[in-house]
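Asks: Generate coordinates for the entire structure from the input sequences, incorporating the hints supplied.
Below, each chain spelled out in residue letters.
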Amino acid sequence: MSIETPIYMDYAATCPVDERVVAVMLPFFTTHFGNSASRTHQFGWVAEEAVDKARSQVASLINANEKEITFTSGATEANNLAIKGVAEFLASKGNHIITCVTEHKAVIDTCKYLERHGCEVTWLGVDASGLIDLDELERAFRPETILVSIMAANNETGVVQELEKIGALCHARKVLFHTDAVQAYGKIPLDVDAMHIDLMSISAHKIYGPKGVGALYVRRRRPRVRIAPQIHGGGHERGNRSGTLAVPLIAGFGAAAEIAGQDMAADTERILGLREHMRERLTAEIPEAIVNGTLQHHLPGTLNISFAYVEGESLLMGLKGIAVSSGSACTSASLEPSYVLRAMGLNDELAHSSLRMTIGRYTTREEVDYVVDRIRENVERLRAMSPLWEMVQEGIDLASIEWTAH
Amino acid sequence: MAYSDKVIDHYEHPRNVGSLDKNDEGVGTGIVGAPACGDVMKLQIRVEGDVITDAKFKTYGCGSAIASSSLVTEWVKGMKVSDAMQIKNSQIAEELSLPPVKIHCSVLAEDAIKAAIADYQKKHGTSEATPSTPE
Ligand SMILES: Cc1ncc(COP(=O)(O)O)c(C=O)c1O
Ligand code: FES
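Line order of the protein sequences matches chains E and Y.
Residue 117 in UniProt numbering is what sits at position 117 of the first sequence, and the numbering runs on without skipping anything.
Residue 87 in UniProt numbering is what sits at position 87 of the second sequence, and the numbering runs on without skipping anything.
Among the hints, a few may not be true.
30 Å max Cα-Cα, derived BS3-like pairs, lysine-lysine [as the list claims (entries may be wrong)]:
| hint | chain 1 | residue 1 | chain 2 | residue 2 |
| --- | --- | --- | --- | --- |
| 1 | E | LYS93 | E | LYS211 |
| 2 | E | LYS320 | Y | LYS56 |
| 3 | Y | LYS6 | E | LYS320 |
| 4 | E | LYS84 | E | LYS67 |
| 5 | E | LYS165 | E | LYS320 |
| 6 | E | LYS53 | E | LYS67 |
Here are the simulated distance ranges between beta carbons [what the hints assert, rightly or not]:
| hint | chain 1 | residue 1 | chain 2 | residue 2 | range |
| --- | --- | --- | --- | --- | --- |
| 7 | E | GLU402 | Y | ASP21 | 18 to 28 Å |
| 8 | Y | ASP21 | E | LEU295 | 22 to 32 Å |
| 9 | Y | LYS123 | E | GLU394 | 31 to 41 Å |
| 10 | E | SER2 | Y | VAL51 | 45 to 55 Å |
| 11 | E | SER400 | Y | GLY18 | 39 to 49 Å |
| 12 | Y | HIS124 | E | VAL291 | 46 to 56 Å |
| 13 | E | LYS112 | Y | ALA2 | 30 to 40 Å |
| 14 | E | ALA284 | Y | GLU12 | 24 to 34 Å |
| 15 | Y | ASP83 | E | ARG365 | 39 to 49 Å |
| 16 | Y | ILE8 | E | ALA284 | 24 to 34 Å |
| 17 | Y | ILE8 | E | PHE29 | 52 to 62 Å |
Which chain E residues stay away from chain Y? Per the calculated CB distances, all over 12 Å, these [what the hints assert, rightly or not]:
| hint | residue |
| --- | --- |
| 18 | THR14 |
| 19 | ASN35 |
| 20 | ALA37 |
| 21 | GLU66 |
| 22 | ALA128 |
| 23 | LYS211 |
| 24 | ARG224 |
| 25 | HIS236 |
| 26 | ARG238 |
| 27 | GLU313 |
| 28 | ARG361 |
| 29 | PRO387 |
| 30 | LEU398 |
These are computed hints drawn from the structure, not numbers from a lab.
Note that the Cβ used here is the ideal one computed from N, Cα and C, for glycine as well.
Replies: Written as structure tokens, this is what we have:
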């Protein structure tokens, strides 16, 4: 059987929109094009009804109430709104925020912005498995701590933090807990009550919904969380986020959330099976292929592996027609390797040598096998021309060499 | 990023991959770069008289780094040592149409050939041209 390329194995970056979601969205572009804020006629009512339905679909996946969902343009905006919104609203109470060095840039850069504007930020590290240390978190709390922002699942490694324990520590101190759950939402069960989550950022395009829409969950009871809006205007979304709602995108987000909930068990079983098949083959067939991040606390579809002594971009270049991503510096504009892998203590060679494969709803076993075969061939070929591999085969310890770093 | 046809050609069909005996009197070896930067290049030359008769490379780095080192081995074979000293990274970058972010890959290849020549000259106590050291 021949395989069709290109093969998409980068579902952590984004997903195609599920056909069932597209079908739900289409009428809201044309027939039901109304503004959900138009209270005076049927066009508005129909749109509002669609938004309300989506709100409850999005909420029910995390055991939230629909009134607790604020729609945004995506998770970048939701992260900005959560963190800046809390920092501003609680400025009189305190100015200290705790977060983690492996967060998505949307959280990191928002916290850095606040650092320049009077906030103090504690940056927790992670251990080799990718998890934060709960004792370190406990020690980081101060009387003026107002917010802890720790992501649910990491976008590069798929490692899932211990949300319930983090949330319990926060609530015991009456500190708000925000989580960037973009990668986890719809992939693993999340419960805002059981996990003591006060604010949660989510995004539609990672769950087979459209790009350009996301949401911030804002807890309404025990405690009632208030945030300062960052976009001002007509007072939409209970004043949290003004702007005419993107009704077709929101309707699609709702449908995608409902499907994710319905299919979660079946999707997880299939996707995890493929992921494990891929991991087993890669680690068995390629020497020194090292899985990054603990698989004990992990998303089903993500696999991050370093192929020692092979540089990531050169490996990607050999994987023609295969869409995966790399933590290699050469693929980034900054020429720095992945800060997430570095924070986990990976040495430079391994950080430069990583690939991230993410398996999703439409990945087949044939595709997995094809990708494994191509990776194996290319790693072998590139190792044959790697001076590092040659040195290691000769028994030279690379750490003992004085490199002429430039 | 889109690669130029020449980069792809060298990446897919690298010229002169391999190693020469680094202890051989007639061989000069240059190793430049660092794993920390994501690129390490080893370039070796065999010199007879004042002519480079053979060249081999091994590179850990991106496709542009592989192509730059492959190209340099192709160029220096049959070249006089003094001419090989004159190879500039800009010539490599131009030949391979490297984009600005990949210029350092060509710098590395220039450093590698200079380091290989310096090593050969050290073995023979000659160094009429001191190689420029990378910053
Ligand atoms: C963990 C994480 N947070 C935030 C984002 C940003 O989400 P959006 O694309 O909706 O702005 C992403 C994805 O790009 C992500 O993976
Ligand atoms: S070796 Fe890193 S960009 Fe070329």
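Asks: Evaluate each hint against the coordinates.
Replies: Here is how each hint holds up against the structure:
no., hint, result
1, LYS93/E - LYS211/E, "violated, 36 Å"
2, LYS320/E - LYS56/Y, "holds, 26 Å"
3, LYS6/Y - LYS320/E, "holds, 16 Å"
4, LYS84/E - LYS67/E, "holds, 21 Å"
5, LYS165/E - LYS320/E, "violated, 43 Å"
6, LYS53/E - LYS67/E, "holds, 11 Å"
7, GLU402/E - ASP21/Y: 18 to 28 Å, "holds, 22 Å"
8, ASP21/Y - LEU295/E: 22 to 32 Å, "violated, 44 Å"
9, LYS123/Y - GLU394/E: 31 to 41 Å, "violated, 20 Å"
10, SER2/E - VAL51/Y: 45 to 55 Å, "holds, 50 Å"
11, SER400/E - GLY18/Y: 39 to 49 Å, "violated, 24 Å"
12, HIS124/Y - VAL291/E: 46 to 56 Å, "holds, 49 Å"
13, LYS112/E - ALA2/Y: 30 to 40 Å, "holds, 32 Å"
14, ALA284/E - GLU12/Y: 24 to 34 Å, "holds, 27 Å"
15, ASP83/Y - ARG365/E: 39 to 49 Å, "violated, 56 Å"
16, ILE8/Y - ALA284/E: 24 to 34 Å, "holds, 31 Å"
17, ILE8/Y - PHE29/E: 52 to 62 Å, "violated, 41 Å"
18, THR14, "holds, 19 Å"
19, ASN35, "holds, 42 Å"
20, ALA37, "holds, 43 Å"
21, GLU66, "holds, 44 Å"
22, ALA128, "holds, 19 Å"
23, LYS211, "holds, 22 Å"
24, ARG224, "holds, 49 Å"
25, HIS236, "holds, 40 Å"
26, ARG238, "holds, 44 Å"
27, GLU313, "violated, 4 Å"
28, ARG361, "holds, 28 Å"
29, PRO387, "violated, 4 Å"
30, LEU398, "violated, 6 Å"
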